[in-house]
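Novice: Based on the sequences and whatever the hints tell you, model everything.
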Amino acid sequence: MRDLLTILAVARSRWSWMVAGVLLGVAVVAANAMLMAVSGWFITSMAVAGLSKVSFNYFVPAATIRALAIGRTVGRYLERLVTHGAAFRILAELRLWLFCKLVPLSPGLLERYASGELAGRLRSDIDSLETLYLRIIAPLATGVITISVATLVVAFWSKTAAIVLFMGLAVPGFILPLFARWLAEAHGRESTALTGALRTAVTDGISGKAELLLLGAVEKHAATVDDLSARLIFEQDRLAAVSAGNLAALLLSAGAGAAALLLVCTAQVNAGALTGPQLVMLLLFSAALFEAAGGMPAAMQLLPAAAASAGRITELTAAALPVAEPLLPQVLPTGFALSLQDVSFSYAGDNQVLSGFNLELPQGARVALTGDSGSGKSTVAEILLRFRDYQGSITLGGRELKTLAADDLRLLIAALPQKPHIFNTTIRENLRLARPEASAAEIAAVVYDAVLDEWIARLPDGLDTRVGEGGSAVSGGEARRIAVARTLLKDAPLVILDEPTEGLDAGTEQKLLERIDCRLQGKSLLVITHRPAPLAIVDRVVRMGAETGRNRL
Amino acid sequence: MCNNPTTEDPTKEHAAERWLIGELKTVRQPLLISIIAAMLATVATVLQARVLATACHRAVIDGAAVAAIMPLALYLLLFALLRSVLTFYAERQASAAAALLKKEVRSRLYRHLHAVQSRGRVADSSALVEAVTQGVDYLEPYVARFIPHLAVAALFPLLCILLLFPLDWRSSAVLLFSAPFIPLFMILIGKGAQNINCQQWRSLAVMSGHLLDLIRGLPDLKICSAARREAAAVARISEGYRQSTMAVLRVAFLSAFTLEFFTTVGTAVVAVIIGFRLLSGSLSLVDGLFVLLVAPEFYLPFRTLGLSYHARMQGVAAAEKLAPLLAADVFSKPLPELVAVPEKVLAIAFEGVTFRHGSDRGGGVTGIDLLLPAGTVTALVGESGAGKSTLAGLLLALASPQEGRITVNGIDIALFSPQKWHQRLAWIPQKPFFFCGSVRENLAIGLDLCSDAAIYAALDAAVALSFVTQLSGGLDYQLGDNGAGLSGGELRRLAITRVLLREADLVILDEPTAGLDRENEQLVMAALTQVAKERTLLLISHRENTVSWADRVVRLVDGRIEQPVSTARNAARWRAE
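Just so you know, the sequences run in chain order V and R. When we follow the working numbering, the leftmost residue of the first sequence carries the number 249, and every step to the right adds one. When we follow the working numbering, the leftmost residue of the second sequence carries the number 26, and every step to the right adds one.
Incorrect hints may have been included.
[Claimed, not checked] Chain V stretches covered by chain R per the calculated footprint, using a threshold of three residues with CB under 8 Å from any CB of chain R:
| hint | region |
| --- | --- |
| 1 | 343 to 355 |
| 2 | 460 to 470 |
| 3 | 501 to 512 |
| 4 | 656 to 664 |
| 5 | 694 to 708 |
[Stated by the list, open to error] Within a straight-line C-alpha distance of at most 25 Å, the following computed DSS-like cross-link-like pairs (lysine-lysine) qualify:
| hint | chain 1 | residue 1 | chain 2 | residue 2 |
| --- | --- | --- | --- | --- |
| 6 | R | 346 | R | 37 |
| 7 | R | 456 | V | 468 |
| 8 | V | 468 | R | 50 |
| 9 | V | 667 | R | 445 |
| 10 | V | 468 | R | 445 |
| 11 | V | 759 | V | 771 |
| 12 | V | 349 | V | 759 |
| 13 | R | 558 | R | 445 |
| 14 | V | 650 | V | 759 |
| 15 | R | 37 | R | 50 |
| 16 | V | 771 | V | 349 |
| 17 | V | 650 | V | 468 |
[Said to hold, decoys possible] So the derived label-pair ranges between C-beta atoms look like this:
| hint | chain 1 | residue 1 | chain 2 | residue 2 | range |
| --- | --- | --- | --- | --- | --- |
| 18 | R | 583 | V | 721 | 19 to 25 Å |
| 19 | R | 307 | V | 322 | 30 to 36 Å |
| 20 | R | 272 | V | 574 | 43 to 49 Å |
| 21 | R | 583 | V | 659 | 43 to 49 Å |
FYI, nobody ran anything at the bench for these hints, they're computed from the structure. The beta-carbon is built from N, C-alpha and C at its ideal position, and this holds for glycine as well.
Specialist: As structure tokens, then:
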């Protein structure tokens, strides 16, 4: 619950829209209940007047009925517009807030979100917060206000009737939602888990289709999928049962409430405390309110999932920064000689990756780091980018890295990460990320230097070709060269290339290295590679320790 | 809300809905019971209204005492209970129908996807996954909500008119005339707007995809010093989305507005008409109140149907994706009799083999003539898209050549039973398939009997024994998704173990050492040497180390063999170039 409030607090500047949506919702329910109440009172009065042959001023009630009918219709339309408008405004605030919160946490804390299922969960978490106001907050607030106000209104005519009505409304309004929530919680959790498991199994089966066929294991895997599907459908059916039970209980409580009110009000008519038309008015008014309270269980049922989503997101955003920023950052150095002395690094699970590592990279020098996977080559690059903290000393132009603002430091470094991310946009936009103001000629130059020129020339849309989600529309080698081009476009004095030629054939690799060699004249270069070819463009090769120190489980 | 876009093509939509209605046959019984129960529940509702009207009449006009009203209150409670129970039962039956249908369609679809002839690599596996998982789930609202609501909307209003007409023909006429306007306006305004509405929800998906894309690429954004710039873009895109969506919603909500207008104003007009007839004394209060209470119930099924219209669109959109998948031809060969696979697979020959993929995507092969002598290692090299994987797929009989044939000891492989042929060969793709389960289960997959001793022997041969014994639990070590927990080289060696266990005669390897460091590469190559003993190997690779190990090298360029089958000496020359 507290997490939901944290999330709502993010959008507090939009409170007026949220309140307006709820008030309009209350107005619509009120108009509907009053329409039925006035109609009932009106026709009963007309019947009484018709029997006793007294005159009755029917102009005002008849006009009121028409006005309420139109008011309800228009109010409903406005309510929909305002609540949706509010939801989108809140959504915009939340997205911006989340993005800004996550920037300093990346990549240290976000690594676990990089892969399929967790990324999917983050996405569904964000999506579920999008409906927070529209499907949960607004209906619940409207319901609570309506029930309270309606009870007070009825109390004006009959206190007993008000008590009976409140008790009747409390069942669908407060008790059923809590009960439904309790019943649905485990099934909802289980069905989310099973949905993920089913997705994983189906993805496995479809991507490994040919292999399953050759291994003769199609039927075995299909049985696994059937089993997961049956279990998921069972849980979904349980959730449907909770909804059906809710609906049934709502209908029963409305019927019981009507019966009880009928008796209570008839007694008061007998006693002369209420007139006949007032009896009908109160009965129809109450009946309409039960409809309004009917939306609360559905909202309550969504609450646990939304709270869990909010919990995961606030937990993520509240995490401590993986790399501390200096209180008073120094100004950037003017020289770029890099020196690592006795640098150590270990992951949280005290898995020592680097210990006592030394490296000198004078300004303009070129060094290659080689070594087996797990020897910490890529960790060096991440430390230099201040993505990870370190022990020991690293100086750039004589300044300790820890004393520089990380954002400023990164202005001096152009880096190709080991697993670069290709954004789901055009090739051009992927390149321009590094330098939005780059001219067409500059882009053409990096396209040539990254050996993308011939390939792009063959594409019908050229640089405006979209690369798909995570670069899925281009091959692995093309994606890597796009990332290389992006790195080259950022004109920084220190260049770090992590496996620049991975996935390229020998011819392309050679061409790429020649062009990089030519382009990076005069810059400091750190190449991380396990292939022999890139070693040709460096002055010095540093082989990192073979001891990987990897531990399992 | 609308996660499934609808197509603009109405014929396709109709075909999809016809398919969906055809599928309903299997769940006809629970669906019918559900509709009957729902109709009975509405009858209970009408009875409730009648009892309430009677009670009011007695209390107001006759001045009856509480004791005289008591039985009526009990009837009211009884009918409420009846309505409640019937509604619950109707909902349960509808849900059971949906569950049955989902289970059946998903199982059939998943098996069908495996049975259809695959045309090269699966182009868009995520769309297929989406269809099997969420696509099938979207059938539920159609079955469980839309169909029952449609039936009630068709039947109940008629019942109301039949009951009300004798009591007051004027208000019945109001109801009768206002009713057709509701579906009419809903269709007129709703359909167009809903389509745009759906596009908006699709763009919501695009927008949340955009944010996720940025979050995944945050390290790259930071490297490019672009994080702050992109934050501004997030704000801008969200605001643009809000404005365009609200513009659409203003129109889309008009359909709901029309519906509300007719139902509310209809009820109001009925109230006024009844009022004047009561004043003139030509109608009793009980009948007047009854008409007033039934009027909103008359409109209710239309409103419910309007709300579940969205469920229909979702179901139809899902059906549009599912129906073509299920209609795809199953790989079947019209052969009178199959020929047995030769006991020992020996020489394999491609004779003028041509295969082109559908549409304009490349990767096909043209006029391939190639001999793989028994017991040799042949390397297939070439740039990506040159047709290497296609050639492998044809040999695996995952697809048949459009021209030419592939023979084993002179017999066309098209004459073999695919299962029998598959038992004789093994394939190690770039990313071998591993499911969540123990190492043992993953190795023995598809095998009837497999002793631990045999597994250990195969592990030893595949240079995998030392790392497997180091795993906690050894053979019982649980692999995560797609082999998570083990390195690429280790998984490759496990896949090789699997091949050794299966005693396949022909082994096809796709880039066996890609992405491995030198140490792992050497280990994998050592394992492959074991595989090559007494087996025919086809190796797809562009790595020099791997290729140098082959007896023969074949280079593919744009689907043709550029260089005739080379001897080992030729291979050495090729390497030197």
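Novice: None of the hints should be skipped; say for each whether it holds.
Specialist: Here is what the structure says about each hint:
1. Under the rule that three or more residues need a Cβ within less than 8 Å of chain R, the assignment of the region 343 to 355 of chain V holds, with 9 such residues.
2. Under a criterion of three residues with beta carbons nearer than 8 Å to beta carbons of chain R, the stated coverage of the region 460 to 470 of chain V is upheld, 10 such residues being counted.
3. Using a Cβ-Cβ cut-off of 8 Å, 8 residues of the region 501 to 512 of chain V lie near chain R, which meets the minimum of three, so the contact claim holds.
4. Remark: the region 656 to 664 of chain V is confirmed as covered by chain R, as 5 of its residues place a Cβ nearer than 8 Å to a Cβ of that chain, reaching the required three.
5. With 0 residues carrying a beta carbon less than 8 Å from a beta carbon of chain R, the region 694 to 708 of chain V misses the three-residue requirement, and the given coverage is violated.
6. For the hint linking residue 346 of chain R to residue 37 of chain R, the alpha-carbon distance of about 10 Å falls within 25 Å, and the restraint holds.
7. The suggested pairing of residue 456 of chain R with residue 468 of chain V holds, with an alpha-carbon distance near 20 Å, which does not exceed 25 Å.
8. The hinted pair formed by residue 468 of chain V and residue 50 of chain R fails the criterion: a straight-line CA distance of about 29 Å is larger than 25 Å.
9. Only pairs whose Cα atoms come within 25 Å are accepted, and residue 667 of chain V paired with residue 445 of chain R is rejected, the gap being roughly 42 Å.
10. Taking the CA atoms of residue 468 of chain V and residue 445 of chain R, the gap is near 18 Å; set against the 25 Å cutoff, the hint holds.
11. Only pairs whose Cα atoms come within 25 Å are accepted, and residue 759 of chain V paired with residue 771 of chain V is accepted, the gap being roughly 19 Å.
12. The straight-line distance between the Cα atoms of residue 349 of chain V and residue 759 of chain V is roughly 41 Å, outside the 25 Å bound, and the hint therefore fails.
13. Taking the CA atoms of residue 558 of chain R and residue 445 of chain R, the gap is about 22 Å. The hint holds against a cut of 25 Å.
14. A hinted pair counts as satisfied when its Cα atoms are at most 25 Å apart, and residue 650 of chain V with residue 759 of chain V does not qualify at roughly 38 Å.
15. Distance check on the hinted pair: residue 37 of chain R and residue 50 of chain R sit about 21 Å apart at the alpha-carbon level, within 25 Å; holds.
16. For a cut-off of 25 Å, the pair hint linking residue 771 of chain V to residue 349 of chain V is broken: about 34 Å separates their Cα positions.
17. With a C-alpha separation of about 55 Å, the suggested pair residue 650 of chain V and residue 468 of chain V falls outside the 25 Å cut-off, and the hint is violated.
18. In this structure, residue 583 of chain R and residue 721 of chain V meet the distance hint of 19 to 25 Å, their C-beta atoms being roughly 21 Å apart.
19. Here the CB-CB span from residue 307 of chain R to residue 322 of chain V is close to 34 Å, well matched to the stated 30 to 36 Å.
20. Take residue 272 of chain R and residue 574 of chain V: their Cβ atoms lie about 47 Å apart, and the range 43 to 49 Å holds.
21. Residue 583 of chain R and residue 659 of chain V have their C-beta atoms about 45 Å apart, which keeps the hinted 43 to 49 Å range intact.
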